[in-house]
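Engineer: Sequence:
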Amino acid sequence: MGAMTSEVADQLVEDDPEAIIASCTDDWFCQERALEHVRAVVAQSGTSFGPGMAILSGGQRDAMHAIYAFCREVDDIADDFDATAEDRQERLRLWREEIDKLYEDGPNWLTTLALLEPIYSFELPQAEFIGMIDGMVMDATNQMMAPSHKDLSLYTRRVAGTVGLLSMRVFSPNDGSPDEAHDQFALDLADAFQLTNILRDIAEDGSRGRLYLPREMLAAHDVPVPDNEEALLETLEHPNLGKVCEELAQQAGKLFEGCEAMLPTLDKRAIRPALVMWSVYGRYLQDMGRRGWRDPLATLRYSKARKLWLAMQGLLR
1 MGAMTSEVAD QLVEDDPEAI IASCTDDWFC QERALEHVRA VVAQSGTSFG PGMAILSGGQ
61 RDAMHAIYAF CREVDDIADD FDATAEDRQE RLRLWREEID KLYEDGPNWL TTLALLEPIY
121 SFELPQAEFI GMIDGMVMDA TNQMMAPSHK DLSLYTRRVA GTVGLLSMRV FSPNDGSPDE
181 AHDQFALDLA DAFQLTNILR DIAEDGSRGR LYLPREMLAA HDVPVPDNEE ALLETLEHPN
241 LGKVCEELAQ QAGKLFEGCE AMLPTLDKRA IRPALVMWSV YGRYLQDMGR RGWRDPLATL
301 RYSKARKLWL AMQGLLR
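Using this note's numbering, you'd call the opening residue of the sequence shown number 1 and step up by one each time.
Some hints here could point you the wrong way.
What the hints assert, rightly or not - With beta-carbon atoms standing in for the labels, derived distance ranges:
no., residue 1, residue 2, range
1, 183, 216, 43 to 53 Å
2, 240, 57, 47 to 57 Å
3, 222, 58, 23 to 33 Å
4, 72, 260, 23 to 33 Å
5, 104, 220, 40 to 50 Å
6, 299, 258, 23 to 33 Å
7, 59, 219, 17 to 27 Å
8, 227, 262, 31 to 41 Å
9, 43, 257, 26 to 36 Å
10, 36, 183, 26 to 36 Å
11, 90, 126, 14 to 24 Å
12, 228, 43, 35 to 45 Å
13, 104, 234, 47 to 57 Å
14, 83, 201, 17 to 27 Å
For the record, the hints were derived by calculation from the structure and aren't laboratory data. Here the structure is a predicted model, which means the values were calculated and not measured. Beta carbons: idealized from backbone N, C-alpha and C, even for Gly.
Using the sequences provided together with the hints, build the complete structure.
Structural biologist: Structure representation (structure tokens):
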């Protein structure tokens, strides 16, 4: 049987992105539509990971696009404030079911179809995808307002560590096989990236009723620990908040330093995309530090051209 026309496929994606697989009769065409979908997600996101993905070979790049699209789509559910917490949890539960199907009976959705080849080619662990969803549940159920150190560590492992480990499987010099040194590098670098994101996005997160700064740090600097959105506003306006940010920035800096010390033991070709991403996130942390923490709610964003220039520096490391 012939493939669907492009017009029919486009309409199916617009009306119901899941319908295309059930309606498609040409495996190659379905796979191409799935790849187009995840590429579009990456292109529309403006992610700082874009330059790192751009230097990959075809199969690796397709894998990273699919991984990123999965992360983006579950994150969008957690950040859908027009929906109730119960609705967000239900949609994430359906994603968990779809990941189970991906590894058992086969995918039903565009993004999971794009993941089908990578999970076998690069031996991507199912537990990492489930971990990402569990991290999004923490966001969706409003658990991330001044979490404890323990809860922040768990959250970071789920949302950032997952990306790090899955990426390292794709970049791996061992065809996706686990490697302790490269995995530890991926986890530590992911932690550094996540802490940098937290510091960069305090104002944006605060507008969503979230504050990822750990409650122990807040208390140590006599900043009130919020338990509701009204109290959160008081916390965000506290004059000592910058001291908390400075301490967390030092923690992120130490993680970057530790990753630097690991570099001589690693396969430079395998981690080259990570170095490109590092050049962007590392500069964010440096620039925030140079600016100082007198106004921790001030935002810092780089243009696409700036990110590309930093990416080129990363290639020269």
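Engineer: Each hint: holds or not?
Structural biologist: Here is what the structure says about each hint:
1. 183 / 216: 43 to 53 Å: Violated - the Cβ-Cβ distance for residue 183 and residue 216, about 28 Å, lies outside 43 to 53 Å.
2. 240 / 57: 47 to 57 Å: Cβ of residue 240 to Cβ of residue 57: about 48 Å, so the range 47 to 57 Å holds.
3. 222 / 58: 23 to 33 Å: This hint is violated: roughly 54 Å between Cβ atoms.
4. 72 / 260: 23 to 33 Å: Holds, at about 29 Å.
5. 104 / 220: 40 to 50 Å: Given a distance of about 47 Å, which is inside 40 to 50 Å, the answer is holds.
6. 299 / 258: 23 to 33 Å: holds, 28 Å
7. 59 / 219: 17 to 27 Å: violated, 48 Å
8. 227 / 262: 31 to 41 Å: About 39 Å separates the Cβ atoms of residue 227 and residue 262, which means 31 to 41 Å holds.
9. 43 / 257: 26 to 36 Å: holds, 34 Å
10. 36 / 183: 26 to 36 Å: Given range 26 to 36 Å: holds, Cβ gap about 31 Å.
11. 90 / 126: 14 to 24 Å: holds, 21 Å
12. 228 / 43: 35 to 45 Å: Between residue 228 and residue 43, where Cβ atoms are some 38 Å apart, the hint holds.
13. 104 / 234: 47 to 57 Å: holds, 49 Å
14. 83 / 201: 17 to 27 Å: holds, 21 Å
In terms of the numbered hints stated before, the structure departs from hints 1, 3 and 7, listed from lowest to highest.
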